Every structure is written in C-alpha cells, then in structure tokens.
Amino acid sequence: MPTPTSVSTGRIGQPKTAPHPLALRLRGGEMVSGDAHIPTIQSLAPFLASRKGGLLTLTSTAGVGASATATHVMLRLASVLYGWSPDRTLAVEHRGPGPTRRRVRITFDDHSDLEGVVTCLAGQRVSDFLARAEDFVVLREVAIAEAPGGVADVAVHMNTVNTIRDLGPADERPAARPPAARETVVRRRTSAFTLVSFDDL
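By the numbering used here, the letter at position 60 of the sequence shown is numbered 61, and the numbering carries on one by one without gaps.
Hints listed in this document are in silico derivations from the structure and should not be mistaken for laboratory results.
Keep in mind that a hint or two might mislead.
What the hints assert, rightly or not - Label-pair ranges, simulated between beta-carbon atoms:
| id | residue 1 | residue 2 | range |
| --- | --- | --- | --- |
| 1 | Glu173 | His73 | 41 to 51 Å |
| 2 | Thr191 | Ser113 | 16 to 26 Å |
| 3 | Ala123 | Lys17 | 33 to 43 Å |
| 4 | Thr60 | Pro170 | 12 to 22 Å |
| 5 | Arg77 | Lys17 | 32 to 42 Å |
| 6 | Glu184 | Ser61 | 17 to 27 Å |
| 7 | Arg126 | Asn163 | 13 to 23 Å |
Only a predicted model underlies this, so the values are computations on that prediction, with no experimental measurement involved.
All C-beta atoms in this analysis are idealised placements derived from N, C-alpha and C, irrespective of residue type, glycine included.
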C-alpha cells in the first residue's frame with residue numbers, strides 16, 4: 002500500500018495529490034478499505050463531497066465482496082454511510098472544532114446507529130448547522146474499534162441520514178430523565194431527515 006508521504010504532481014494546473022488509506026461503511030454493514038488520492042490542499046469531508054458523478058475511486062481495495070484485494074475500484078457514494086482515515090496526517094476537515102459541542106445519535110436509512118459529537122461556532126444553533134450542512138458533515142469522537150486508539154472523527158453522508166437525536170452537551174453527564182422528545186423534519190437539496198429533542202429547534 003502506498004505511504005501517505007508519496008505525492009503525485011498530476012497534470013500541469015492540477016493540485017498535487019497524496020494517497021491516504023480510507024475506511025468506508027456501506028449500507029447493510031459492509032466495510033470497504035482502500036487508498037484514495039486526495040489533493041494535498043483538501044481534507045476528507047470536502048473531498049468526498051466534491052466527487053463528480055457521485056463516484057469515488059479507491060486503489061488497493063479490500064472488502065468489496067472479492068476474496069482478493071482489488072487494485073482499482075469505483076464506489077458510488079450513495080452507498081456510503083460514513084468514512085474515516087487511520088492516517089492522522091489527513092484532517093477530516095480543516096476548520097477547527099467550534100466551542101459548541103453536542104453529543105448526538107445518528108440513525109441511518111439502513112437502521113444502523115452512530116454516536117459522536119458535533120461542533121458549531123459560538124452563537125450558531127446546532128439545528129441550523131445540521132440543516133445547512135454540506136453532503137458530508139463531521140462527527141467527532143466516534144467509537145470505532147478499528148481506529149487508532151479506538152476513536153475517530155468521521156465524515157457522515159447526510160443523504161443517508163434518517164434521524165439525528167440530541168443527547169445533550171458533550172462534556173456533561175446525560176440527564177437522569179431526558180426531556181420529552183420534540184421533532185422537526187429538515188429538508189435539504191437532495192434529502193430530508195428528522196431532528197429530535199434539540200433545545201434550539
């Protein structure tokens with residue numbers, strides 16, 4: 002597998018790229034891993050959102066239903082729930098985490114769940130942040146057994162999300178008796194999801 006330090010200059014006028022290992026969870030629970038050549042000026046979430054035609058090219062790929070490692074695979078992003086990289090040199094986004102930290106549970110359209118922390122800028126409503134998010138939003142501090150240290154920041158594909166439930170401030174213990182659930186449906190350009198129990202709806 003190429004190392005993340007090898008850089009391709011590409012054609013004249015195109016940004017330099019470097020191969021980074023990615024792990025992607027697909028609908029139905031299958032995991033796919035492989036290398037993606039990502040521009041050195043880009044982080045993971047914007048890179049995934051920018052794929053033309055909704056296709057992602059991976060090299061040295063494993064876990065796509067073949068018994069042997071494939072050298073070149075193209076995946077439809079519509080099948081991807083979320084992705085992360087074990088390579089710590091690849092940022093999931095260049096913007097640093099904001100001061101507002103809420104723990105949330107995301108339920109995908111295949112009924113699987115993922116729990117982590119969303120961060121927003123000071124004064125920004127969490128519900129507004131999620132409603133206006135790009136196709137891939139960052140979920141931090143997600144427990145993933147295969148990740149270094151068992152925790153990773155992941156890029157969540159918003160078009161595959163059914164429900165986002167607020168679990169309270171990320172740095173506080175959950176309330177003994179959670180508040181009554183309030184729900185609102187958020188419609189995006191290409192999808193819709195439900196926000197549950199957010200104080201700032």
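Hints, one by one, checked against the model:
In this structure the supplied range 41 to 51 Å holds for glutamate 173 paired with histidine 73, their Cβ-Cβ distance being about 47 Å. In this structure the hint that threonine 191 and serine 113 lie 16 to 26 Å apart at CB holds, the actual value being about 20 Å. Taking the beta carbon of each, alanine 123 and lysine 17 are about 35 Å apart, inside 33 to 43 Å as hinted. The hinted range of 12 to 22 Å is not satisfied by threonine 60 and proline 170, whose Cβ atoms lie roughly 41 Å apart.
Take arginine 77 and lysine 17: their Cβ atoms lie about 27 Å apart, and the range 32 to 42 Å is violated. The hinted range of 17 to 27 Å is not satisfied by glutamate 184 and serine 61, whose Cβ atoms lie roughly 43 Å apart. In this structure the supplied range 13 to 23 Å holds for arginine 126 paired with asparagine 163, their Cβ-Cβ distance being about 21 Å.
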